[in-house]
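Please arrange chains B and C with the ligands on chain A, whose structure you already have, making use of the hints.
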Amino acid sequence: MKTLLICEYRQGKLLESTYELLAFAQRLNAESAMLLIGSEAAAPAFSGKVYFADAGQYGEYNPDAHKRLVLEAAQKENADYIVFLHSSYGWDLAPRVAAALKAAQVSEIVGMVDGRFEVPACNAKMRRLLKPKTAQAVLTIQAGAFNYQGEARGTPQLERLDLAVSAPRVEFLGYEEAEKKDVDLAKAEVIVSAGRGVGKQENVGIIAALAKVLGGELGATRPVVDAGWVEHTRQVGSSGQTVAPKLYVACGISGSIQHIAGMKKSDFIVAINKDKDAPIGEVADVLVVADVMQLVPALTTRLSK
Amino acid sequence: MYLELNEEQKLIQETARQFALAELEPVAARLDQTGDQEIFWSNLKKLAELGFMGLNIREEYGGTQAGMVAFSVAITEIARACASTAVTVSVNNLVCDVIQAVGSEAQKKAYIPKICSGEYKAGSFALTEPGAGSDPAAMTTSAALDGDTWVLNGIKRFITSAPYAGVFVVWGVTDKSAPKGKGISCFLVEAGTKGLIVGREEEKMGQHASATTEVMFEDCRIPKEALLGKINDGLKTAVVELIGGRVGIGSLSLGVGLAAMDYATRYAQKRVQFDQEIVKFEAIQWMIADSYTELEAARLLLMQAAFRADQGRSFAKEAAMAKMYASEAANRACYTALQMMGGYGYSKEFPVERYTRDVRIASIYEGTNEIQRKIIAKEILKNLQQA
Amino acid sequence: MKILVCIKHVPDMESRFRVNEAGNWYDERDLAFRLNEYDEFAVEQAVRVKEQLGGAADITILSIGPDRVIEAVKKGLAMGGDRGVHIKDDLVYQKDPWQVASVIAAFARDKNFDLVFTGMQSQDRGSAQIGAAAAELLDYACITTLVSFEISGDVVTARRELEGGMRGAVRFKLPAVVTCQLGLNTPRYPTLPNIMKAKQKELLTFPIADFLNVESLAETEKMYPPERKGRGLVLEGDVNELADKLASILKEKAPALR
Ligand SMILES: Cc1cc2nc3c(=O)[nH]c(=O)nc-3n(C[C@H](O)[C@H](O)[C@H](O)COP(=O)(O)OP(=O)(O)OC[C@H]3O[C@@H](n4cnc5c(N)ncnc54)[C@H](O)[C@@H]3O)c2cc1C
Ligand SMILES: Cc1cc2nc3c(=O)[nH]c(=O)nc-3n(C[C@H](O)[C@H](O)[C@H](O)COP(=O)(O)OP(=O)(O)OC[C@H]3O[C@@H](n4cnc5c(N)ncnc54)[C@H](O)[C@@H]3O)c2cc1C
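Order-wise, the sequence lines are chains A, B and C. Heads up: the first sequence begins at 98 in the working numbering, then just goes up one per residue. Heads up: the second sequence begins at 49 in the working numbering, then just goes up one per residue. Heads up: the third sequence begins at 60 in the working numbering, then just goes up one per residue.
The following block holds chain A by itself, in its conformation from the complex (with noise of 0.2 Å):
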């Protein structure tokens, strides 16, 4: 069986997410081959194939030319799986890819079952087992799902790929840094976030009460930023922060996929939630069946003495 893996690439830079897809063939026993449009001094430490572009020549965001680009690899390669991650990069391509080969799409895959590829569904409260029925299959991988044991080594031998391509119907104007960051939650020792179930905006002071006595900061959920309750600067998850404190307080909070990619690499995590199935229990090491608004007051009255 033959992969053929997406590298992620920003400024730049190749994204350490990469090697999740290399651990991801590893669980699969397949042989890999990479495909990076990057530079190369950013070639991924990978003692195999890797094909090139340059990302000078066609451009870091072009969703027209890397579609060409992987179709080309994945040719040349003779592909069965083209492995991408379930991220920004992977859902404006992958789809496009798959339609293009007309060959089946699993998406945010998160596991193996029977040669089965397992995917969530519902928020995380339930799972699917999907099973292509083409030979070749398009297939993103949930981000932090699959972690690449050990240090990652050796030296790709490089294949250049040139096209000729047409103008992009896209054209990128830049990178921009959503706001500037006045907290650097990334340091933080102990982080207490509020999630939707703390219900108002009102609310969110008694979260943040409790933080203060743990010595901490504030986080939030997307939904809690969005609402404009916290700001942006706070927001845990794929599309926040990420943070690995000491001791993490979720306060409301379901445990989406995204919110969990941006803590669960914290050594303590407390779950406040009234909902005994919510999918954070699975990442908390101490889930609290409670609605937050009396349990937080109450504890923070307990530890502020």
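Treat the hints as calculated values from the structure; they're not laboratory data. Hints may be right or wrong, so weigh each one.
[Stated by the list, open to error] The list that follows gives simulated cross-link-like pairs (lysine to aspartate or glutamate, EDC-like), each with its CA atoms no further than 20 Å apart:
| id | chain 1 | residue 1 | chain 2 | residue 2 |
| --- | --- | --- | --- | --- |
| 1 | C | LYS258 | B | ASP194 |
| 2 | C | LYS260 | B | GLU55 |
| 3 | C | LYS256 | B | ASP194 |
| 4 | A | LYS373 | B | GLU325 |
| 5 | A | LYS297 | C | ASP126 |
| 6 | C | LYS256 | B | GLU73 |
| 7 | A | LYS228 | A | ASP211 |
| 8 | A | LYS371 | C | ASP303 |
| 9 | B | LYS318 | A | GLU128 |
| 10 | C | LYS260 | B | GLU107 |
| 11 | C | LYS304 | A | GLU128 |
| 12 | C | LYS260 | C | GLU73 |
| 13 | C | LYS281 | A | ASP388 |
| 14 | B | LYS396 | C | ASP297 |
| 15 | B | LYS272 | B | ASP358 |
| 16 | A | LYS297 | B | GLU108 |
| 17 | C | LYS312 | A | GLU286 |
| 18 | A | LYS343 | C | GLU311 |
| 19 | A | LYS371 | C | ASP126 |
| 20 | A | LYS297 | B | ASP84 |
| 21 | A | LYS173 | A | ASP211 |
| 22 | C | LYS304 | B | ASP323 |
| 23 | B | LYS318 | C | GLU73 |
| 24 | C | LYS304 | A | ASP211 |
| 25 | B | LYS318 | C | ASP126 |
| 26 | C | LYS304 | B | GLU71 |
| 27 | C | LYS256 | B | ASP323 |
| 28 | C | LYS310 | A | ASP372 |
| 29 | C | LYS260 | C | GLU110 |
| 30 | C | LYS256 | B | ASP358 |
| 31 | B | LYS318 | C | ASP213 |
| 32 | B | LYS328 | A | ASP372 |
| 33 | C | LYS256 | B | GLU97 |
| 34 | A | LYS373 | C | GLU110 |
Relative to chain A, chains B and C with the ligands alone:
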């Protein structure tokens, strides 16, 4: 038989629910404690802009024309979060309904759009008097024609929204010599009219954000065209229009009852005594079973009354049954919910205490439940006589 | 300007999901369905474009599924869509994203839409494939996960959401398919008069057979709740006792309290 809301009704219910969760529920406790009017009014304005003030009103007057079933589910959702807001919305709808039912074209155009759009924060329905509660025909407020103006004199009591209403529908005696109830007419009086005096706010047990006051008329002069409907036909208008209002009050009751039981049931799943969650005690389970069954029965009665109204059929008996039963079921539900929570239910820290106070009035206003029973029996006996 | 918005009717995610008898999807029977959260942003953005053009746009709201999806279509119409299209399929859950995208493309092919909006993913399936796959089939440009959108003439300037709080700014010409991320705008509540008026708007219904001409490429064999890893401790019961227990755990874990 098809016991399912249609798509429009579902969407209206969903909009009401989302709005109530996002805007009303978070401030309901504060409104109860401080009566914060700015927030209360701003929510009324938003509800008006969404179209909640004229659910039975035709589009040409700025209404939604969604019908009584939609009205019922909307009031229930609003009341789940905030009963004060729900009663205000219900009374505004009632005032619009009265004007639409008997008003002249000019009156409809002048006032209904202002209530529907939120330009007026509210409309008031001024029927009750110190000496005329259950027996409105005993009213003494007088309306006498003096050239081109009507002159009103008298006192109305317990008038919802009076301090911030833009317009009042007022009943007064126009023919003292007529038999009781046959000489009463209905009028439209604009806020700010000289001689209309809004009295002190009642200090009530619940529904604190919704103001209830006395309204005095002292030589209050209004134009001749302010007569609403036919002369000396006013009491009938009140009786007929209150039928729809009762669906509103029943729906409000249901909303509060559900909120209380939902809260208490969740509480009982967490509260541990004698080493187990109290919800595991059969006594508590029976409370849950009985209360939810009663609330479900109330919902079905309400839906039946509203459905008949939407079909253009008579619904006086059904509305009276629904109002009576729903308000009593909801009062029992709040009592039960509070009981389930023990001392915590009695504490202002938890919302069940507020629900219990808010729901108490529902068996009294828009016709006490004794009066509802009178209506129900009268309708049943009337049909028996016909047979 | 001709705009197509593709939407989905999905269960409320706070529901308790049960697996159906065939074991390959959730049992729909007792679930309350609503408009997919991501699609609310898609409808809202389409309506904003129309408003910006002073009404010079025509918005078609399309949904594939059993009759219940009409509720979602009507919500889209109540928010400001002009026409509803219901492609009727009682077994839509058995269709894979490729088939769904093919149906959308087959519907849109000869209609010259300038802009196609979809949510970036559905809350239940979460595959994030439909928009991009339909774009490929239609040979439209496709921009996914938008968190900002501005249009002027036939040029759109937008921001995509990337990982780690980054955004990527892009510019493109119509026609295009765009997929919408949470927070792109603030979806309006449909007003009640508009809910009622939606009833009068055109609602076209087609059997799925009119547009479906491909086989599925992937099959869901099984659905099940995730295995409880049982790693953590679950505390339940009286709030005050819980607070006591948790306080003692936290005193140990929070460096500041040690
Ligand atoms: C591409 C992409 C990127 C994303 N990036 C991020 C990201 O960076 N960070 C992020 O957080 N999300 C992100 N999201 C959003 C994510 O999918 C979820 O929507 C979000 O994390 C849910 O937030 P939540 O847990 O606060 O809300 P919900 O999922 O609504 O959960 C609320 C929880 O609170 C509980 N609850 C309710 N009331 C109470 C109460 N009184 N007491 C106790 N518990 C209560 C409920 O049981 C529920 O479990 C992203 C999504 C996408 C598609
Ligand atoms: C918060 C609030 C808001 C209100 N809002 C409005 C409003 O906006 N507009 C308005 O016009 N009014 C309003 N009211 C008045 C309300 O409708 C009356 O209070 C109600 O109709 C009862 O009248 P009453 O209080 O005079 O009681 P009474 O009529 O004095 O009744 C006292 C008791 O006697 C019973 N009783 C009376 N007659 C009979 C009978 N024939 N058979 C059996 N029992 C009988 C009653 O059921 C009750 O138990 C409001 C009241 C309150 C408290």
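Take a quick look at whether C:LYS256 and B:ASP194 sit within 20 Å of each other, Cα to Cα.
46 Å, violated
Tell me if the straight-line CA distance from A:LYS297 to B:ASP84 falls inside 20 Å.
17 Å, holds
Do the alpha carbons of A:LYS173 and A:ASP211 lie within 20 Å of each other, as the hint requires?
This hinted pair is violated, its Cα atoms lying about 29 Å apart.
Regarding the pair C:LYS260 and C:GLU73, is the alpha-carbon distance no greater than 20 Å?
32 Å, violated
Please verify whether B:LYS318 and C:ASP126 have alpha carbons no more than 20 Å apart.
Violated: B:LYS318 and C:ASP126 sit about 39 Å apart, past 20 Å.
Pairwise hint evaluation, C:GLU73 against B:LYS318, where the allowed Cα distance is 20 Å at most:
Distance ~19 Å between B:LYS318 and C:GLU73 Cα, so the pair holds.
Hint check: C:LYS256 vs B:GLU97, CA-CA at most 20 Å. Holds or violated?
Given that 20 Å is the threshold and the Cα spacing comes to 15 Å, the pair holds.
Hint check: C:LYS256 vs B:ASP358, CA-CA at most 20 Å. Holds or violated?
Roughly 18 Å between the alpha carbons, so the hint for C:LYS256 and B:ASP358 holds.
Regarding the pair C:LYS260 and B:GLU107, is the alpha-carbon distance no greater than 20 Å?
Cα-Cα ~16 Å, so holds.
Need the status of pair A:LYS373, C:GLU110: alpha-carbon distance at most 20 Å?
With a Cα-Cα distance of about 44 Å, the restraint between A:LYS373 and C:GLU110 is violated, given a limit of 20 Å.
Between C:LYS260 and B:GLU55, is the straight-line Cα distance small enough, at 20 Å or below?
Status holds; Cα separation ~14 Å.
Just to be careful, I want the Cα atoms of B:LYS318 and A:GLU128 compared with a cutoff of 20 Å; is the pair within it?
53 Å, violated
Consistency note: the structure conflicts with the earlier hints numbered 1, 3, 5, 6, 9, 11, 12, 13, 15, 16, 19, 21, 24, 25, 26, 27, 28, 31, 34.
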